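Starting from the given sequences, assemble the full structure and let the hints guide the process.
These protein sequence lines are chains A and B, in that order.
Per the working numbering, the very first residue in the first sequence carries number 1; after that it's consecutive.
Per the working numbering, the very first residue in the second sequence carries number 1001; after that it's consecutive.
Please note that the accuracy of each hint is not assured.
Once the Cα atoms are required to be at most 25 Å apart in a straight line, the calculated SDA-like pairs of lysine to any residue come out as [as the list claims (entries may be wrong)]: (1) A:Lys147 <-> B:Val1376; (2) B:Lys1222 <-> B:Asp1315; (3) A:Lys33 <-> B:Arg1247; (4) B:Lys1222 <-> A:Phe46; (5) A:Lys147 <-> B:Asp1378; (6) A:Lys33 <-> B:Val1230; (7) B:Lys1117 <-> B:Arg1370; (8) A:Lys54 <-> B:Val1376; (9) A:Lys147 <-> B:Ser1112.
Please keep in mind that the hints were generated in silico from the structure rather than gathered at the bench.
Quick caveat: nothing in here was measured; it's all calculated off a predicted structure.
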Amino acid sequence: MLSLLLDQYNYAVVIILMMTGLYVVFASRNLIKKLVGLSIFQTSVFLLYITIGKVSGGQPPIVESHGSDHANSETLLFASIGEVDSVAQSSSEVLYSNPLPHVLILTAIVVGVATLAIGLSLVVRVREVYGTIEEDKIEEYDRIYYKEILERQ
Amino acid sequence: MSFMSLFPQWIFEQGPAFLIVLPLLMGAIIAILPNRSMAWWFTFFVTLICTYTAFGLFQHIYFDSFLLYTMGGWAPPHGISLIVDGLSAPILLLISVMAMLTVIYALPASISEIEPKKRGPFYAAFLICFAGLMGMVITGDAFNVFVFLEVSSISTYALVAMGAARDRRSLAAAYNYLIMGSIGATFFVIGLGFLFMETGTLNMAEMSAILSDLDGGTRVSKVGYGFIVVGLGLKIAMFPLHTWLPRAYAYAPTKITIFLASTATKAAIYLLLRFTFTVFDPSFDYISIMLKYLIVGAAVVGMVFASFQAIFQSDVRRVLAYSSVAQVGYILLGIGIATSSGLAAGYLHLLNHAIIKGCLFISVGAFWYRFGITRVDDFSGLFKTMPLTMGAFTLGGLSLIGVPFTAGFVSKVKLILAAAEQEMWWAVLVIVFSSVLAIVYIGRIIMAAYFGSPPKINGSTFTKNEAPFMMLFPMWVLGLMSIAIGLNAFGIGDTFVSASEIAASVLLGGRG
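Structure representation (structure tokens):
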């Protein structure tokens, strides 16, 4: 059990981060702290995807050629780094890690940054209008404010 | 009736990409446009052209077959493909028509809702939201769905917050929506990660083929499906996950409420259909259990609970927002029944509800525009001051209840028949009971408007003060549309019914 956990410690990290993030989002009443929780939650997903992309024993998915032998497309395709090169020539096969999840996560990071930017700018507006970023106080102010408006009518 | 000859050939070849690229590009251009009064015209023409294109594609699907567009000529599964089929084409048309009508309504509404210097960015964000929704519906690549989902969501957060000029509570509503929406989208992307682990591909068609080879796959794809349902459930406002919706609808600018109520949740429901029935398969045991117990359960509880909540609201926009949650329940019930008649009924109710809620929210927006009122008490005597607007509201309201000869009746009867077919008599009872509750919450507003007397202002009774034409036009188009579906005038009702049947057959693997 423990050795399984140690072998796949990255999944454990993902789960711990994910739960921490979600807990912070739901437990805190401060608008900034909620956004911090949200970011941690999203980051755990980045780690999950990067974990998926790793193939055990896989090389970085970069096709590298040695010397000036560019003409042969097959050598280009199967050439690799350092010691693996000889293996590559003999078995004509190199194990690469999957590059696709990294590309996906680049997109997801951009999305996360955009969400955070919108969220923070909303918090700035909330602070301008209410003078606080505590959810409880905002709700209290709203109750008083709109009660007064109704009474005036 | 075939209108195919009205469309040039390039629409069928390049139309799918055009529907996303045009609003995205124009959104960026409008944001930097120096002359701000041009922004409305640009937005209007973009939505008009998109409606024209979507209509062409709809005709193509309706009479022909499905369209596969490969982005940049890269063949799937490696390239990103766009799919227009019987399932996505009606929703594409729905979103673009609703966007166009919203933009028409937005011209007078902006005068009182948005400060002049913010109108350019407002229309830019609107177009980006529109592009995101279209992208969500049209794409055939699972990760692309997530990207477009976030494109539309992030611009929606900003648009909802623009209600702050009128009601400062919209800031908290937008923030709350942002937190819930981001959690939903992140759950969705975790689910996609699990699916990618299982299948090693992101193309929906190939995912589906691999999953059926694996006979549903291992525990990994089960967990993935669970995450996807919860993530989309947040976006759909499926019953226990709906808490963000009433506040966001009630405090957003009125035109954003119209657009959101009639398109955003519908596009998310489309995704749920797409993932449940075409990527996964309802014959996998875990999918059928999920549909039978979770989706139907959430639908039924939501229908009753949200209708009760709607009765006790004092703000008309909150009444309609809770009613939206209840109506999502009807659609989900149809999906949960998962027979071809159930799916067709759910899909038809999806289209009808978008039309009905659009009509209702536009008339509520018009009342607010003229008198600045949204509370039920203030609706007293509105029929005497704004008869045309109240007329459209009544049409929409009757259709929402499901009175015979309206759109709501057609889809509710189909839903009841589908439930009866499966001998789910309790579901029939719940549908009828929830409709009775709808009579209460809509009736309360209509009674006040027709039988109450207009408030006296400065000692004299208020005279007639009708909404501007730009608001009357979209609300009557939608109001008459719902009657036309109910009466099957000009074959419109049949077109809707057969479109929903085609969609159901696509979902169950019959066609394309």
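How the hints compare with the structure:
1. Restraint check: the Cα-Cα separation between A:Lys147 and B:Val1376 comes to about 16 Å, which is no more than 25 Å; the hinted pair holds.
2. Of the pairs offered as hints, the one joining B:Lys1222 and B:Asp1315 is violated, with about 41 Å between alpha carbons and a cut-off of 25 Å exceeded.
3. Between A:Lys33 and B:Arg1247 the alpha-carbon distance is near 22 Å, which keeps this suggested pair within the 25 Å criterion.
4. Distance restraint check for B:Lys1222 and A:Phe46: the Cα-Cα separation of roughly 21 Å lies within the 25 Å cut-off, and the hinted pair is therefore satisfied.
5. Restraint check for A:Lys147 and B:Asp1378: satisfied, since their Cα atoms lie roughly 16 Å apart, inside the 25 Å limit.
6. Taking the CA atoms of A:Lys33 and B:Val1230, the gap is near 24 Å; set against the 25 Å cutoff, the hint holds.
7. A C-alpha spacing of about 23 Å is found between B:Lys1117 and B:Arg1370, which places the hinted pair at or below 25 Å, so the restraint holds.
8. Restraint check for A:Lys54 and B:Val1376: the C-alpha separation of about 59 Å exceeds 25 Å, so the hint is violated.
9. With a C-alpha separation of about 24 Å, the suggested pairing of A:Lys147 with B:Ser1112 holds against the 25 Å cut-off.
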